[in-house]
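Undergrad: Sequence:
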Amino acid sequence: MKGKLEANLWKILLYNISQRRQFVPIMAIFFLSLPDTTAQQIGIYSGAGALVAFLFEIPTGYFSDSFGHKATLIISKLCMIVASLALIFARALPEFILASAFISLGFAFQSGTSSAITHDTLHSLKREKEYGKISSQISANASFVSMLFIIALPFLTPIDIRLPFWIVLGLDIIGLLVVLTITTPPSEKHHQQHAHQSIFQLVKQFNNPRLLAFSLFTGAIAGFFLAGNAFREAFLQSLGFPIIFIGFVMGLSRLIWFVVGHKTEWLEKFSLEKIMAAEIVIFPLFFILVTWISNPYLAGIFFVIVMGYFWGRGQLLENYFIKNYIKKPRYKATLLSIDSQISSLIQAGAAFGVGFFMQQSYRAGFIAMGVALFVILLFLYPKIFPKKITKKK
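Under the working numbering, the sequence shown is numbered contiguously, ending at residue 1578.
Keep in mind that a hint or two might mislead.
[What the hints assert, rightly or not] Derived pair list, reagent style EDC-like, types lysine to aspartate or glutamate, alpha-carbon separation capped at 16 Å:
id, residue 1, residue 2
1, 1318, 1458
2, 1318, 1453
3, 1568, 1458
4, 1448, 1315
Derived from the structure by calculation, the hints contain no laboratory data.
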């Protein structure tokens, strides 16, 4: 059993690699190459995907905790296969909406579940204390492999712009075969014997003001950042960035992610309070500054650094969430999904809203996102880390 459980870790790594949508750098460009398409419609299909994520985030997490993490990961892979096929045969906006919806559904089934099965595997191996380090390394290693694909795939577009989608479909099939061999950890079976709770009882845990503020803070950053990502490649191409090099932006950000994921101790030298205080400035300022850069390569470097940091520090925040806010081991996937759903809701609103500004100009869209995000973060931060006020005597 120990050997099978240890094998889960590399299988989860392969699953995570197959879940990455390496075609993202060319998805918007492919869409705009089709007849009668506009930049505003990018906001429509990305917003539709975010809306699906919002609607299914909690139910899929609850499904995972109730019917098993392995079964949920299998469904997740099937959703990704449908999404890849939709893009391969896409001819207009409806197919992109369908693909975006199934990508979001695939991620919704994955969200919380991948982390939960990793945590349960380590718990069964009596290595639970290593969760933060190992989960960061799995995520970082997946991002490194993803980087290679992301950089390489755009070079295939001169042959056929749909070829990258075929390759990702192949990875999806491999991922499905791998996840079918994952061993269910004994600790997961033990957790399922605990008292049953409804979704509404679990949602009530977010009545904790600090927990809610924490989730809104991290969700706002993720929501705005992911909404902006839908326009990233189109924005860079408008500056003159060559399409065959567009994969380097997302790819090299994965390299930063790889480094940060393997060196989380660098971030852990600072308190989470200081890290989140810095992020009040980092992310909004990025959205605003990048619009004033006319050099496409310099703008690309900005995206690489900030994207790499954004993804790299994700497991640090997740580990903090698990340690401080998850009190019911059986419902890890559900509670992580509730946290992710907040991000999906904000992303949906941001994607639909920013689409209007992006139609006017990319600069207007990114500036609007930067200003709105700054106001939101500035409002939420004091609620996460309230200062004690002492009266002078």
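Undergrad: For every hint, state whether the structure bears it out.
TA: Structure-based check of each hint:
1. 1318 / 1458: 20 Å, violated
2. 1318 / 1453: 11 Å, holds
3. 1568 / 1458: It holds: about 12 Å lies between the C-alpha atoms, which stays within 16 Å.
4. 1448 / 1315: Given pair residue 1448, residue 1315 holds - Cα atoms ~14 Å apart, limit 16 Å.
The structure fails hint 1 only (numbered hints given earlier).
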